[in-house]
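In case you want the letters, here they are:
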Amino acid sequence: MIRKLTETDIKKYVFRKAKLITRNYQLYLIFLPVLLYYIIFHYAPMYGIQIAFKRFSGALGIWGSKWVGFDNFIRFFNSNYCYQIIWNTFSLSLYSMAVCFPVPIILALMLNEVKNSKFKKTVQTVTYAPHFISTVVMAGMIILFLSPQSGIINKVIEFMGKEPINFMYEAKYFKTIYVFSGLWQNAGWSSIIYLSALSTIDPQQHEAAIIDGAKRLQRIWHINLPGILPTITIMLILSFGGLMNVGFEKVFLLTNSLNRSSADVISTFVYRVGLINHDFSFSTAVGLFNSVVNLVLLLIVNSITGRLNQTTLF
Amino acid sequence: MKKLVNADDVIFDIVNYTMLTIVLFMIIYPLYFIVIASISSPLDVLSGNVVLYPKNTTFEAYRLIFKDKDILSGYKNTLFYTVLGTFINVMMTIFGAYPLSRKDWVGRKFFTLLLTFTMFFSGGLIPTYILISKLKMIDTIWAMLIPGAVSFWNIIIVRTYFTSSIPDSLTEAAFVDGCTNLKLLFRIIIPLSRPVIAVMVLFYGVAHWNSFFSALIYLNNRKLFPLQLILREILIQNKFSEEMLVDEESILKRQLMAESLKYGLIVVASAPVIAIYPLIQKHFVKGIMVGSIKG
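These protein sequences, in sequence, are chains A and B.
Position 155 of the first sequence, counting from 1, maps to 155 under this note's numbering, and the rest follow consecutively.
Position 50 of the second sequence, counting from 1, maps to 50 under this note's numbering, and the rest follow consecutively.
Simulated from the structure, these hints should not be mistaken for laboratory data.
Hints are not guaranteed to be accurate.
Claimed, not checked - Here are the simulated DSS-like cross-link-like pairs (lysine-lysine), alpha carbons at most 25 Å apart as the crow flies:
1. A:115 - B:282
2. B:183 - A:17
3. B:223 - B:136
4. A:115 - A:11
5. B:69 - B:239
6. A:175 - A:162
7. B:223 - B:239
8. B:69 - B:253
9. B:239 - B:67
10. A:12 - B:69
11. B:239 - B:76
12. A:19 - B:109
13. A:162 - A:172
14. A:12 - B:103
15. A:118 - B:282
16. A:11 - B:103
17. A:120 - B:282
18. A:17 - B:67
19. B:134 - A:66
20. A:17 - B:103
21. A:175 - A:250
22. B:55 - B:253
23. B:253 - B:67
24. A:19 - B:183
25. A:11 - B:109
26. B:239 - A:250
27. B:223 - B:134
28. A:172 - A:250
29. B:183 - B:69
30. A:19 - B:103
31. B:253 - B:239
32. B:134 - A:121
Said to hold, decoys possible - Covered stretches of chain B (chain A as the covering partner; in silico rule of three or more C-beta atoms under 8 Å from a C-beta of chain A):
33. 13-23
34. 67-76
35. 127-137
36. 190-201
37. 268-281
Said to hold, decoys possible - A few chain B residues that face chain A, going by a derived Cβ cut-off under 7 Å, partial list only:
38. 118
39. 181
40. 182
Source: prediction; values computed, not measured.
All C-beta atoms in this analysis are idealised placements derived from N, C-alpha and C, irrespective of residue type, glycine included.
Build the full structure now, drawing on both the sequences and the hints.
In structure tokens, the structure reads:
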């Protein structure tokens, strides 16, 4: 039987909460700067999104500018470059995911089988290192290595008796350069998360499997892989959620007038239109379109994986 | 127990170790090449003679790098942004994570939701830019320090560390002894959380050291430029300051030296970070990432 809440119950509840709040007042005090930071630097800009539906003028300000409805969006969808940059963004992301998602998993599974702890640590230290290199340096390295006159890659090509290739000036190479340099830089680092998931697998499962006569590869396939499946799922959801957010920095740094046709993505476009050409409203509209697509993708993937194996982000 | 050795296992190990060794060389060689190229004579690098060890060793590139005003001021600025920025980041992360880790904190769910939402949706580039310029932060050091004062992802990691490695009984015992929340945080919890704080210092520190985007959009004054912006001019845009290569007589020599300088600069810009991270590496795998992923 459900007891009806009496007045004293409510009073008791309120009193208990009030006591908790006053006892922990210092926690509110230290949380205050964090809260203010999020309100000012994350929520306040959301107020500015309205300029996507306005013709922004600096003199009139965000609120004073004139509403133009969906004009900025219509202009974007009617332009020639619209489909090209959306295509570039999607294809670059998918290509990158297809290559860079499975490799860290395989690397972690391989590393997990290494019994020699010195060797294991060496491989880990070395494979993590490129992650700590800045994007500017990374782009600089790519340009140096691929240089047609002095780059080491072209030295190898010349050594094999072929003509050097000017990789950076040909649009068709851009995506491959982007994806494989990303793999080199982050594969080791991304494997950490799977390694730590692997470390939580109960060794008894392996002992039992050995007694049943399971071979090494069978154990990896039937014990280790299912063991890290929830982690894989979460990482997959997160990377789908970021599908439209191809890293601005590297694309921006590697783009030049000759490879732009295959390099320009939404984020570099938003930067160029907004901060270089000062078309604030148009740029915000494109950015908003991007965020909304991203959010929708995240929700769709999250619900699909939820139905498939009960692992969801939220 | 007797160790069972069977043929399958041996083959597996051989294949596994060989493949990992190949991976090891594929990752280390480009890094090694940059180092040997930076101390070889530019002509040998250009003609492809430098493959396994430096040829005609010279430290000319480094001499030029360390006398260039732009590079030195960039280095100094980056050091400043990194030290002060990381301090702000770590304090804010702890201030955010500690209350969120306390189950008896009224408002915990609401604040978590409020912060989580910002991970998936944001105002975007232009509205943020308008805000920063309204706050008069353009062309000030604050633009490099405040807009990225804390990351929620890192708050989650630290919060998880607090909840999983500091037992509730410890908190309760401290309260019984008349400890306040602040004392508890500074005297007990922070000293007990050194590993996760070390990792935070590394993460934020590296991010500041490598940061380039906020400087690109918020800074116009060269005096405030961090190293990465100077690097971009030299490595990507091929822009060298006038006095840097003035000693070289011919155009060809200048071009050769310019290439050599780039290798040296990569070393100078990356060495501090690459040297520090292995010291903190032992904390990476255990504990930190495990909890963070499940939130």
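**Message:** So, against the hints stated earlier in the document, which numbers end up violated here?
**Reply:** Going through the list in order, the structure violates hints 4, 10, 18, 29, 32, 34, 36 and respects the others.
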